[in-house]
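S.K.: In case you want the letters, here they are:
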Amino acid sequence: METTDYRPRKRVRISKKKLAKYNKGEGIDLRENSTRIKNEVIKQKLKKKEVVFNKTVKDTARTELLLTGDYGCLEADCGEVTIQYKQKQIVDNVDITAAAKCFTLNLEFGPYYINYTRNGRHLVLGGRKGHVAALDWVTKKLACEINVMESIHDVSWLHIETMFAVAQKDWVFIYDNQGIELHCLKQMYKVTRLEFLPYHFLLASGSKEGYLAWLDVSIGKFVNSFNSKVGKIAVMTQNPSNAVLCVGDTKGVVSMWSPNSKDPLAKMLCHTQTVAACAVHPYGTYMATSCLDRSVKIWDIRQLAGPMHSYYVRAPVQHLSYSQTGQLAMAMGNVVEVYRSSTDEMKPYMRHRADWTVTSMQFCPYEDILGIGSTRGVSSLLIPGSGEPNFDGLESNPFQTKSQRCEAEVKALLDKIQPELICLDPVAIAEVDTPTFKNKIEATKNLLYLKPKNIDFKPRRTKAKGKGGTAKVVKTKKILKELSRKETIDMLRQTDSPSDTRKTEPQKNYGILNRFLPKSNKKATR
Amino acid sequence: MKVKVLTRNPDEYLRETKRDIYKVPRNYDPALHPFEAAREYTRALNSVKLEKVFAKPFVGCLEGHKDGVSCLCKHPSQLSTVLSGAFDGEIRMWNLTYRMCIWNVLAHDGIIRGIVFSQSDENFISVGDDKTIKTWKLENSSLSQEEPINTVISKTIITGISHHRTRPIFATCGEVCHLWEETRNEPIQTFKWGVDSLYDIKYNPVQSNLFAACASDRSIILYDARETGPLQKVFMKLRTNKLSWNPMEAVTFTCANEDYNLYTYDIRKLKTPVNVHMDHVEAVIDVDYSPTGKEFVSGSYDKSIRIFEVNKGHSREVYHTRRMQRLTCMGWSLDNKYIISGSDEMNIRLWKARASEKLGVLRPRERAALYYSEALKEKFAAHPQIKRISRHRQVPKYIYNAKAELRTIREKMNRKEANRRAHSKKGAVPFVSERKKHVVRQEV
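Line order of the protein sequences matches chains Y and X.
The numbering used here applies: residue 1 is where the first sequence begins, and numbers increase by one.
The numbering used here applies: residue 1001 is where the second sequence begins, and numbers increase by one.
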């Protein structure tokens, strides 16, 4: 009989880069000589868990093999550069379905603001003069088109493509995809910017008077609303990786806001003049800001450090937008320039000269499309390589049917993250809650500046003249308070500090001459 | 110029016919799944809340006894068959699937003290207060069987019985401990150790020569059938009511004590219990292990059932109903899914061992979802919100108040001891661990 050789099946090696992409962190130190875990049972349990973690990381890295889509690309011929190609040339060279995605709508109620849904399938556009339209821009099927007969300042989709919010002259309105007014949010007054935080179901707004407001659209409750005290909020964008709002102000500071505190979580002095535009990478790695002094800076937003890159462009950049692959679009007047990162700097990739001044701009998710709204209409440009080719069907699906959408909505509502969890570090909830050094110092400070105990102070009634008087009573009270405060501090210090373990040898008593002994010895003899 | 733009053919992403399932392409890139930690936390919170919503542990009630239920006996191989004895001497056989009594007989004169199945599963043996040991034939169909196939009259009072796991030998306890063979009418062996009465006796299911008994002098006695006399004895501060061996670990048993606690012992080191399980607020009457040996259930005089994990000091679950009175006997079904309880008010109750478990067949997706939520609950177990929800149990007012009272008593004693320690010579008032506190001495 033959014996079959049961060697373990050789699996394909995974590159370190790939593993790092899916890595979930360092893990616990369980090596014999350096681990701090004493309990053997716990150590073994953790070891098993570590093995599972590593296996999961490897397995997920392996699934990359199954991804079918390829990134788009644009390569220049010899002697040419990609920046010289016009949209027309690109449209002529691509297939007919892709060519159909490049279009221009000439509209007369501009300037226009646009917003794509999270799956990149639907587009809502709002003209300053009251024109609102929602459409499936791929099939060009119009869902609704209305005129609200008021000025419009911003538009934003809510969590699904059946509802969108419009910031109008005074208030924010929510319409459904047939153009029927669902809600009028009078608490959002004179709003200039709208942002929707999809995982928290929060509609955030920044107003002309500097008010920030967060509305929970799933229950219709305002989470928080306060004056940010930065003046008119003209530049506001969300960081999609931690749902913090980045607000740029006239002093060149970008401040980050969560609904949980009335002070900004962080402030970055990005420019010395007014911040003209601000964009955050969809994966929350970089932030790009531009200023009226023609500078554009790119910051590492995870470490709040930078600038990583700093450029001066020909004209002040009015609008910025990041694509999923990290391409950065800048709009200066009627010119749109797209930069892409190569090695360690951003290089110009494409340029487009629009007919009119660009008033808003957004990369379409999961498509090689840059949508721009201008003073006289809306157009979409082909930017090869800007979109992520492989979407996750359970996260956002451009091809989802109605029933899938309904199911996804229910699932998303079940997973709704509470607004209290919005903070700078999105993984803070999964980490061990150890007091930071700052917190420790705060705690000791609190001990030292402890509020003194309430003293039941009742002055003796003295009948003698000149002995009483309110001033004296107050003074005595103050002295007593100070005494009790010192007493409590002493008590706390004694409990905190380890007891004096120095050996005190019995000293010889010199009687009256004790006064000449050194102080430490004196204590012992008493 | 070479250009390529993303184009997706909808046919590749849409199902072909209406009968197809939807196509769901996946991309596990972490960048496409933001807020992983926060979403997982939310899911964990939801699942722990849902667990509370679905926690309906009471399955059913078996009515029929005309007096309090004194003992329960599970069939070793049929999950649906359970025998129960009552204080009026009646034995009933129950079918748990249909929740009805299939056979009953007035077996003894006085209380039924114990029922065990013989190793062949065809017969069962009952003992009662009338000093007799009766062997009955188990016939599912015949409803008219009124007479035992064998009756042995013992010389002493019998208060408990336990059968050897594999051989036709059983042990009884009472004034003394007897070892019987099924075919003989005289005990083959007698063990005595200066006690006038033993309350309960249990054979070790793994190390099958060993058995243990609880005695009226607050002791637990270990016997070995191969020896002539008993092996060891450990005295506790209060009396032990019942004990149960761990079916997976030969050396471990747990006993239900009068002092509201349960104690898990390792027989290799009887001097101190391995664990003290607190939570009951009155004497614990009965205890039974789950077949996995990881958990056990206890019934108490405080009208509540509690489920403990072997290595934990506090219970993970408490069951109670307004109609249920003092518990008298407990059983954990051999499929690890149900708990059977007999109580004073003549009813036998059937509970789920895991309160929120779904009964019946699970579809694969359902099971996967349950596993997922289990893992999440474990991952976020230490978070205050999740901890609070998963730990919270609504208990009757008398238990709640009794617990508070016990807490104050314990605090008072601790405080008093600390004061005494502070004002006496160093070492005069030693620290005694909770585990050592309840054991008086050990005899070999």
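It is possible that part of the hints are untrue.
Heads up, simulated DSS-like pairs for lysine-lysine below, C-alpha to C-alpha not over 30 Å straight-line [what the hints assert, rightly or not]: (1) Lys-17/Y with Lys-297/Y; (2) Lys-55/Y with Lys-1271/X; (3) Lys-1271/X with Lys-48/Y; (4) Lys-45/Y with Lys-1049/X; (5) Lys-1049/X with Lys-24/Y; (6) Lys-43/Y with Lys-1271/X.
What the hints contain is simulated information worked out from the structure, not anything from laboratory work.
From a predicted model like this one, the values you see are computed outputs, not experimental measurements.
S.K.: Confirm or reject each hint.
M.R.: Hint-by-hint comparison with the structure:
{"no.": "1", "hint": "Lys-17/Y with Lys-297/Y", "verdict": "holds, 27 Å"}
{"no.": "2", "hint": "Lys-55/Y with Lys-1271/X", "verdict": "violated, 45 Å"}
{"no.": "3", "hint": "Lys-1271/X with Lys-48/Y", "verdict": "violated, 34 Å"}
{"no.": "4", "hint": "Lys-45/Y with Lys-1049/X", "verdict": "holds, 27 Å"}
{"no.": "5", "hint": "Lys-1049/X with Lys-24/Y", "verdict": "holds, 27 Å"}
{"no.": "6", "hint": "Lys-43/Y with Lys-1271/X", "verdict": "holds, 29 Å"}
Taken one by one, the earlier hints fail for this structure at numbers 2 and 3, listed in ascending order.
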